[in-house]
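Note that the protein sequences, when read in sequence, are chains D and S.
Be aware that the first sequence starts at 14, since it is given in this note's numbering, and climbs by one per residue.
Be aware that the second sequence starts at 14, since it is given in this note's numbering, and climbs by one per residue.
By construction, these hints were calculated from the structure, which means they are not laboratory data.
These figures come from a predicted structure and were not determined experimentally.
Do not rely on the hints blindly, as some may be mistaken.
Intra- or inter-copy, both count: the list cannot distinguish identical chains.
Unchecked claim - In silico DSS-like pairs for lysine-lysine, Cα to Cα no more than 25 Å straight-line:
| hint | residue 1 | residue 2 |
| --- | --- | --- |
| 1 | K543 | K688 |
| 2 | K676 | K54 |
| 3 | K457 | K688 |
| 4 | K41 | K372 |
Protein chains: 2
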Amino acid sequence: MAEQLNTEPTDIVASVNIAELEELLLGKWAEARRGSRKLVKDSRLHKIEGLTKEEHRARVMEQMHLLAEAGMVRKPFPEEFGGESDNGGNIAAFEELVTADPSLQIKAGVHWGLFGSAVLHLGSAEHHRRWLPDILDLTVPGAFAMTEVGHGSDVASIGTTATYDADSEAFILHSPFPAATKRYLGNAANDAKDAVVFAQLITNGVNHGVHCFYVNIRDDQGNPLPGITITDDGHKGGLNGIDNGRFTFDHVEVPRTHLLDRYGSVEPDGTYSSPIDSPGRRFFTMLGTLVQGRVSLTGAAVAASRIALIGAVTYGNQRRQFNAASSTEEEVLLDYQLHQRRLIPRLATTLAAGFAQEKLLEKFDDVFSGRDDTDANRQELETLAAAIKPTATWHALDTIQEAREACGGAGFISENRFTSLRADLDVYVTFEGDNNVLLQLVAKRLLSDYASEFKNADVAALASYVATQAGSTVMHRFGLRQALQTVQDTGDERRSANWFKQTEVQRNLLTSRVRQMVVDVANELRSASKLPQAEQAKVFNEHQYEIINAAKAHADLLLWEAFTDALDHIKDPGTKEVMTWLRDIYALTTIEQTLDWYLGNGRISVQRARTLSPYINRLLARVRPHVQDVVDAFGYEPEHIRMEVASGDELIRQEEAMEYYRKMRASTDAPVDEKVLREREKTAARRR
Amino acid sequence: MAEQLNTEPTDIVASVNIAELEELLLGKWAEARRGSRKLVKDSRLHKIEGLTKEEHRARVMEQMHLLAEAGMVRKPFPEEFGGESDNGGNIAAFEELVTADPSLQIKAGVHWGLFGSAVLHLGSAEHHRRWLPDILDLTVPGAFAMTEVGHGSDVASIGTTATYDADSEAFILHSPFPAATKRYLGNAANDAKDAVVFAQLITNGVNHGVHCFYVNIRDDQGNPLPGITITDDGHKGGLNGIDNGRFTFDHVEVPRTHLLDRYGSVEPDGTYSSPIDSPGRRFFTMLGTLVQGRVSLTGAAVAASRIALIGAVTYGNQRRQFNAASSTEEEVLLDYQLHQRRLIPRLATTLAAGFAQEKLLEKFDDVFSGRDDTDANRQELETLAAAIKPTATWHALDTIQEAREACGGAGFISENRFTSLRADLDVYVTFEGDNNVLLQLVAKRLLSDYASEFKNADVAALASYVATQAGSTVMHRFGLRQALQTVQDTGDERRSANWFKQTEVQRNLLTSRVRQMVVDVANELRSASKLPQAEQAKVFNEHQYEIINAAKAHADLLLWEAFTDALDHIKDPGTKEVMTWLRDIYALTTIEQTLDWYLGNGRISVQRARTLSPYINRLLARVRPHVQDVVDAFGYEPEHIRMEVASGDELIRQEEAMEYYRKMRASTDAPVDEKVLREREKTAARRR
């Protein structure tokens with residue numbers, strides 16, 4: 014039945030050229046990724062499950078020294094410090110560390126990526142010469158002290174103060190109340206000798222906002238310096254290879270020259286100056302370097318999703334359970350429709366997220382290489398990262414979990430790594446920018462883009478803007494468009510499928526959703542724009558859920574665009590066919606999840622909507638024979654995967670069992686089933 | 014704006030009588046729950062985070078002895094063995110153990126609930142006298158050896174054989190191939206002295222199917238007996254207080270009298286007999302005792318969801334972040350619409366699941382007490398458990414995760430227990446019946462109920478059956494019904510809300526979805542009923558996703574019915590009001606999640622559908638002031654909760670910080686913000 018509806022021209026034989034697909038997935042920084050993957054085959058870098066946090070911390074610190082020796086960590090730093098100023102390649106290489114141990118990825122990220130980068134991007138040339146060499150070779154491990162007990166996402170409101178004292182030519186660093194304690198700082202509990210500390214810079218009676226200070230934390234014996242209290246954040250839900258901890262400062266003197274002063278400096282007499290006039294823009298520029306953390310978390314989330322899918326797909330192709338179709342042979346799990354539904358759309362999204370990450374990385378490299386470091390491009394980078402990071406990190410948790418469940422009990426045993434990866438990646442959704450806060454940032458950007466596009470437009474222009482997309486609010490209200498579609502569209506499944514698989518139809522559906530949602534909220538907010546602050550905030554809050562959904566829809570679209578663009582780079586027709594199906598699966602399952610919106614807004618007729626889910630099911634069955642090839646094209650080797658479920662042992666066990674039963678059936682003294690016996694008796698009785 | 018749409022008669026002041034609600038939630042077995050809650054306040058029973066698996070295992074084994082001493086574990090056993098034959102009370106008490114340590118709940122469940130129960134329910138009076146005393150006082154810890162490496166969900170296909178040998182009057186227990194190794198057995202790696210082992214019973218050349226044998230596993234020194242190989246399953250994603258392991262049997266002699274022979278016995282000469290003639294029914298009867306595990310997992314999942322919500326709701330009421338509405342005071346998290354959206358629907362579902370669990374427990378008690386132990390009622394119990402267990406356990410993972418994310422970084426620290434609870438409860442979704450396999454069981458039951466209802470009905474009767482619900486396939490195809498609704502329903506928000514909040518409307522919507530989905534699939538399957546086995550299996554498989562969704566919809570309905578029934582038992586009008594809103598939130602968010610189905614099948618008009626989400630948002634805002642009272646009514650004390658986020662410390666920290674800023678503002682030498690300064694300058698410049 015499914016085959017009758019297959020309307021593809023059949024000249025192209027679907028197949029996967031694994032080598033070509035692998036190359037495509039490796040992307041622009043293939044060499045950096047390959048180098049990093051080669052490095053992390055070293056078993057000394059691999060996570061050992063079940064260590065105590067003390068053992069795990071010690072192991073990861075040793076691994077940090079191996080990384081420092083390997084030199085890879087210098088990549089984004091200037092040549093003067095042994096680097097290549099290669100920002101894109103650095104992140105690409107970094108992402109791969111997650112396959113060894115996410116604790117290593119994050120601890121290295123804290124030290125070189127946050128602490129080291131803060132010195133590089135916020136400090137002066139003098140600061141670089143003074144501190145970078147010891148940071149790069151890990152002589153001075155460091156912490157990045159921004160988050161406080163009372164303020165995570167809202168960095169501008171942190172409580173720690175650095176008040177300049179002209180007499181001592183020093184800042185007095187102070188935690189004025191317990192909520193201002195710095196918390197969740199990697200490297201803080203054990204290892205950090207120094208730290209970059211974010212605090213409100215106060216001089217001559219003016220608070221100039223959050224600035225970054227280089228602060229000595231421990232003496233050579235590893236004891237906290239006077240005025241500094243360090244406590245351990247203790248055991249965590251994952252990433253226990255990292256020693257997170259807290260700093261409290263009690264009037265600690267920090268020399269004036271320790272202010273990382275690229276964007277704001279203080280003269281000996283206390284005079285403040287900054288190359289950026291607006292305090293708001295200055296703050297966001299200083300925090301801009303943080304985007305690198307978001308980019309690398311996104312990439313790591315994609316890598317972890319890939320590992321999980323390799324495990325579950327391989328197992329799903331070998332494991333057998335229940336025998337519906339035959340009385341002697343059980344079904345392979347992946348032949349079940351439900352199993353396809355569980356794994357293949359997640360595979361499609363993982364591919365989409367990988368392509369989106371590649372685009373994000375390119376934009377990041379453009380900005381950080383200085384090739385295109387305009388304010389506008391920086392803002393685009395921020396928004397892109399803020400959209401893709403939440404999507405990719407939540408997707409990773411969802412995919413790892415589904416993969417673990419798809420392997421049943423085996424998925425729960427640590428040797429299969431699903432639970433371990435999930436536990437470690439859990440915090441990716443709330444750190445380096447809480448996912449929901451980031452989506453709110455995206456939403457505000459969508460609203461302001463919309464506003465600037467229509468600053469001078471009248472209502473009529475607005476209505477036509479919306480109508481040219483695929484319909485209009487006015488039209489839905491009166492059901493006009495819908496009636497129209499009913500006439501055009503009889504719900505013929507083949508015609509529907511032909512419609513859904515068109516790239517332009519998918520683009521139009523996904524784009525129109527974002528646009529319409531933004532328009533709808535913008536209209537509501539417009540009416541509140543003259544109200545007092547508290548009232549405006551109330552109206553905004555009454556639409557927060559809607560606008561966050563618009564931001565999610567925007568991210569869905571970004572992933573789809575990246576996937577669609579990637580298709581153009583596939584040469585082998587068979588591979589292109591399979592990947593196009595997967596892109597369609599990504600698009601159509603995304604639309605299916607919010608189908609109520611498309612129906613409610615008249616973008617898809619009821620008749621077409623009813624054909625969507627069956628069409629997706631047929632696409633899944635079509636792609637199913639190729640999914641092993643696709644996960645093989647992720648290019649990971651056994652040293653990266655390290656899962657019993659992906660080892661092929663299950664296939665051997667299944668064959669042994671089948672061989673046993675084959676022999677049994679062939680033997681004359683094999684026991685007969687009571688059920689069979691009873692049926693024979695019944696038949697005999699009937700004959701009598 | 015929201016208030017204008019509030020159409021409730023305002024005589025009733027919404028409020029929560031915490032004591033009354035607590036009593037309602039404690040349910041029929043309040044006393045057993047209270048007793049168990051009192052017991053688990055003992056800190057010796059509490060999980061310590063970050064132990065090695067060896068330390069954790071040892072601790073939980075000590076806790077097992079404390080439980081044995083407390084005597085609670087005897088509750089479901091007959092008076093002869095110090096019990097009360099109280100099955101419902103036993104499970105109710107058991108569920109509460111999860112608040113102490115899920116490992117303890119599960120290890121106790123394996124020993125008393127599975128191993129002990131198998132002897133009780135599958136053994137003879139002689140077996141009871143011989144083994145129960147040592148089992149009950151934990152002199153003989155036991156394992157439950159059913160699952161094999163090759164077969165989890167499909168128990169009928171296990172490979173282990175027990176072949177009767179009349180000469181030695183013994184069964185020869187054997188693992189014929191590696192996939193027949195017993196795996197994931199709690200208590201196996203360290204502690205079990207004996208085990209109940211499930212194997213294919215073969216005697217006189219006939220395989221009578223799976224039976225249960227009492228097998229000695231270790232000698233008094235703790236070494237495996239000859240022919241038995243034991244290996245450790247190793248570190249797991251959670252529940253590391255339990256020593257899961259594997260058994261392999263190499264021709265192990267098990268005395269004939271060790272067959273637990275209530276449903277099947279073997280004479281010394283090898284003659285087999287059973288009180289149940291049909292091998293199929295016999296198998297399901299023997300496995301019927303397993304339902305108790307599913308019931309207790311469901312209850313534990315509800316308890317864990319409650320603990321997580323207590324943490325997140327309390328924190329959400331104290332934690333402040335960002336200041337949109339005021340320049341001096343930040344918002345409390347729960348005042349954000351998105352935060353309400355994240356937590357309150359999950360609170361509503363947790364309540365629904367709790368009420369459904371109470372109904373399940375009542376049915377379980379009816380069957381196991383013998384009060385209503387008919388085949389039909391047993392089957393109903395099985396189906397009910399198969400529907401509610403997946404829903405409640407997945408819900409628990411989702412809720413714990415959302416609660417952890419809602420607490421940001423604090424949610425990731427083990428002292429707040431979210432990650433620990435989630436890791437431990439993870440396996441609840443795949444053990445004691447994989448959730449998807451259980452849903453398939455529900456689906457088959459729905460289909461067979463439908464088939465028996467219409468065995469002799471013709472197509473016209475069928476069509477009218479469907480049409481009387483709320484529409485018909487034929488009608489949707491031509492959009493007739495939809496057009497009709499467009500005329501009736503102008504999308505007026507108040508009228509829509511009045512419609513959505515009606516109990517009968519909710520019932521009709523939820524019921525019609527299950528019915529229509531079953532009818533749709535049944536029609537497809539009917540056409541295949543004459544095809545060969547493999548073809549039938551193929552057609553069924555092509556609708557597997559649909560039918561699993563029907564089973565989920567059925568479970569949603571069961572939860573809604575339980576919640577709705579519970580409302581009748583609330584006396585205090587204010588409490589009833591709040592709980593009715595929460596029931597509405599459960600119903601409407603459930604409908605919202607599958608709104609595309611209601612639209613696509615003409616059950617809700619486009620105009621009404623567009624008002625649903627805003628109406629839910631208003632309901633959330635209405636319930637929001639009462640949610641702390643609701644979670645307080647769960648009745649857990651600090652010794653059960655043990656979370657820093659629920660301790661009230663956050664409130665103190667917030668007040669300290671606010672007090673600091675209040676003093677600052679009042680003081681004359683407080684620093685002025687650069688932003689403020691610049692605005693003053695601008696204003697001054699303009700005046701000049």
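Here is what the structure says about each hint:
1. K543 with K688: Classified as between: cross-chain Cα gap 23 Å, same-chain 79 Å, threshold 25 Å.
2. K676 with K54: neither (42 Å within a copy, 57 Å between copies)
3. K457 with K688: between (67 Å within a copy, 22 Å between copies)
4. K41 with K372: within (10 Å within a copy, 59 Å between copies)
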